[in-house]
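The lines below spell out each chain.
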Amino acid sequence: MPDMPDENYKIKTNDVTVDYGDKRALHGINLNIQSNQVTSLIGPSGCGKSTFIRCLNRMNDLIMGCHVNGSILIDNTDINLPETDIVELRARIGMVFQKPNPFPKSIYDNVAYGPRIHGLTKNKDDLDHVVTKSLKRAGLWKEVSDRLDASGLSLSGGQQQRLCIARAIAVNPDVLLMDEPCSALDPIATAVIEELINELKERYTIVIVTHSMQQAARLSQKTAYFHLGEMIEFDDTSTIFTNPKHEMTESYITGKIG
Amino acid sequence: MTDIKPNIRLKKRYRAEVRFKIYCASALAIGMIILLTLISSITISAIPAFTQINISIDVQLEDDDIQTFKENPTDVSWRTIQKKSIYKMFPEITSRSDKRELNKIVSTGAYLEIEKFYNRNRDLIKQTNKIYVPAADDIDLIIKNLTDRDLPENMRTISDKQLSYLDTMIEEDRIKKSFSWRLFSNGDSREPELAGLKGGIVGTLLTMFVTLIISFPVGVLAAVYLEEIAPKNRLTDIIEVNINNLAAVPSIVYGLLGLAIFLNYMNMPRSAPLVGGIVLALMTLPVIIIATRASLASIPPSIREAAYGVGASQMQVITHHVVPLALPGILTGTIIGIARAAGETAPLLMIGMMAFIVDIPTGITDKATVLPAQVYMWANNPERSFEYLTSAAILVLLVILIVINLLAIILRKKYERRW
Ligand SMILES: Nc1ncnc2c1ncn2[C@@H]1O[C@H](COP(=O)(O)OP(=O)(O)OP(=O)(O)O)[C@@H](O)[C@H]1O
Ligand SMILES: [Mg+2]
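From first to last, the protein sequence lines are chains A and B.
Using the numbering used here, the first residue of the first sequence is number 1, and each one after it goes up by one.
Using the numbering used here, the first residue of the second sequence is number 1, and each one after it goes up by one.
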């Protein structure tokens, strides 16, 4: 693939380091992520995948004693500048967590919450429309259309995770960060979500953390391999899985590390 | 052999579990027995206080009394009218000392009933009216069989003569027993047959109102700041330790503080629910802060992450998600704190709310007392009827506390049931 001009990268990180107190979790990560693609992050447990993905919407701000250094550019703006509006940033960079975490509110309110607080809709009809659209895109509409007033917690694990995806896309973000979205799900629910991710990448830039090599191979165009806080290798997914340049990558994907 | 061993172990374990269950059940039983004994003994001794003995007297206003009543109702000497009416019922009694004894059969406040009657029924001033007035407290006890009338005369507060007058009244069917509404409609009094709890009840409600509107918002906001907003550092640790200590400070210390600051320094009114409420609010604050913090800390971080993740601001995360979810715990803590404050006397002693106050307070700056203070004062009164009244007051206080706790449970259920 020929080198793309800089402007086509949605996210550019340069020498990102993260410290939890005096423990360094990420050592200088340089990773550029393209629009409308799925980028997977793989690597053994504790290597810093979650830490990295949480830098991209400044979720690490919530953790006491966590310091992020280096530059993270999204649409060529540094998101760590003091004048960044975190609320606006997090609305633009949606996130789906490893464990489904719907609000203990109705299904409708779960999806409507984001649009409401950001004032994205003018009236009730508008909001209804956004909720319906988001649930449809998350592939949940058919299952819940007749019980939007039921609690989000009354859904099954896989349904809850799709509800969380619907909630994230209801605010119409550009980027969707997914931290092991399928780790709590069975193969059928996983397949539904994978299909969904494939559709969503037409509109969004998706970064996904996964422990499943097959999932990374099936879903993503690019894959990054992390090890002990370093990014060892980043390339087209096909290259990583068929012809890795680094032997650590190779031993991980063949199951020798991990 | 190998089969027997696990069998013995299993039996042993079963026995141990049964024993454990028995220990737990007996602990509960002991608690219940103590509680039941307490409540039933209070209830039994409170029963006489809920009825009152009334004596009917025939009242006929004289012409000049009618004249005064028409021109200037406050100038009528109702006491004299009361005496005259009673003497008329026993024309054979002439000596002054006998007359005095006769008059002592009815309450010293009997004239108040006559005054009330004529103020309500102005069209009946010309005719003879049968008016029920409360009996004196010792007569009340005789009729309720709580004093033995066969005791020798020098061991009773009632003379043989008074007893014979009383018997005549009983024969004439002038005695009536009725529910003692004045227990709830009168203020305090030195006379047991006139004393009521309204002053204490209203005083308690006003004081609790002040306590609640100060301690709830301040306590919850302080807890939210400590738990959700403040950085965790040495300073917040020190504050936390001190708040926990404050919860253990003897309540009288808050009274001393109230005396020094609110009365002596800020010149706030003495004996007022305003000051009492503030003092009790100070006492309740640490309880509310601790309960609120515990309740906030129990909200899973994943809810906060979810809200931040869709771009909620910190205030939105707190007000839309964390506090509503923590509300059942917050309410429980608040109501435990308020209920404790409602039963408190020591701090109120220092700011003058433990006082004999007859008037019913109408606002938070009026002089007032509270129910537990009234219980304490009544228990110290020498008249035997106050024994029963004290139990009745305790019962009323218990009922108020039970209502508060019930409210807590209902609120809790309401918010818990949402999902
Ligand atoms: N809140 C925290 N405080 C201190 N250290 C942390 C914290 N979160 C993560 N770490 C440390 O940072 C390193 C990277 O953790 P991270 O959660 O990013 O790993 P991960 O790659 O997501 O692992 P997994 O696949 O198990 O989720 C780990 O060594 C971990 O111990
Ligand atoms: Mg992780």
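If you are wondering where the hints come from, they were derived from the structure by calculation, not from laboratory data.
Be aware that a few hints might be false.
[Said to hold, decoys possible] Capping the alpha-carbon separation at 25 Å, the derived lysine-lysine pairs in PhoX-like fashion look like this:
id: 1; chain 1: B; residue 1: K130; chain 2: B; residue 2: K144
id: 2; chain 1: B; residue 1: K232; chain 2: A; residue 2: K23
id: 3; chain 1: B; residue 1: K70; chain 2: B; residue 2: K21
id: 4; chain 1: B; residue 1: K70; chain 2: B; residue 2: K104
id: 5; chain 1: B; residue 1: K232; chain 2: B; residue 2: K88
id: 6; chain 1: B; residue 1: K84; chain 2: A; residue 2: K105
id: 7; chain 1: B; residue 1: K177; chain 2: B; residue 2: K104
id: 8; chain 1: B; residue 1: K104; chain 2: A; residue 2: K105
id: 9; chain 1: B; residue 1: K21; chain 2: B; residue 2: K88
Please read these numbers as outputs of a predicted model, since none were measured by experiment.
Going through the hints against the structure:
Among the hinted pairs, K130 of chain B with K144 of chain B is consistent with the structure: their alpha-carbon atoms are about 23 Å apart, no more than 25 Å. Restraint check for K232 of chain B and K23 of chain A: the C-alpha separation of about 19 Å stays at or below 25 Å, so the hint holds. For the suggested pair K70 of chain B and K21 of chain B, the alpha carbons sit about 77 Å apart, so the restraint of at most 25 Å is broken. A hinted pair counts as satisfied when its Cα atoms are at most 25 Å apart, and K70 of chain B with K104 of chain B does not qualify at roughly 29 Å.
For a cut-off of 25 Å, the pair hint linking K232 of chain B to K88 of chain B is broken: about 83 Å separates their Cα positions. A hinted pair counts as satisfied when its Cα atoms are at most 25 Å apart, and K84 of chain B with K105 of chain A does not qualify at roughly 76 Å. Annotation: proposed proximity of K177 of chain B to K104 of chain B holds, straight-line Cα distance about 19 Å (limit 25 Å). Using a Cα cut-off of 25 Å, the hinted pair K104 of chain B and K105 of chain A is violated, with the two alpha carbons roughly 70 Å apart.
The straight-line distance between the Cα atoms of K21 of chain B and K88 of chain B is roughly 73 Å, outside the 25 Å bound, and the hint therefore fails.
Violated hints for the displayed structure, listed by number in ascending order: 3, 4, 5, 6, 8, 9.
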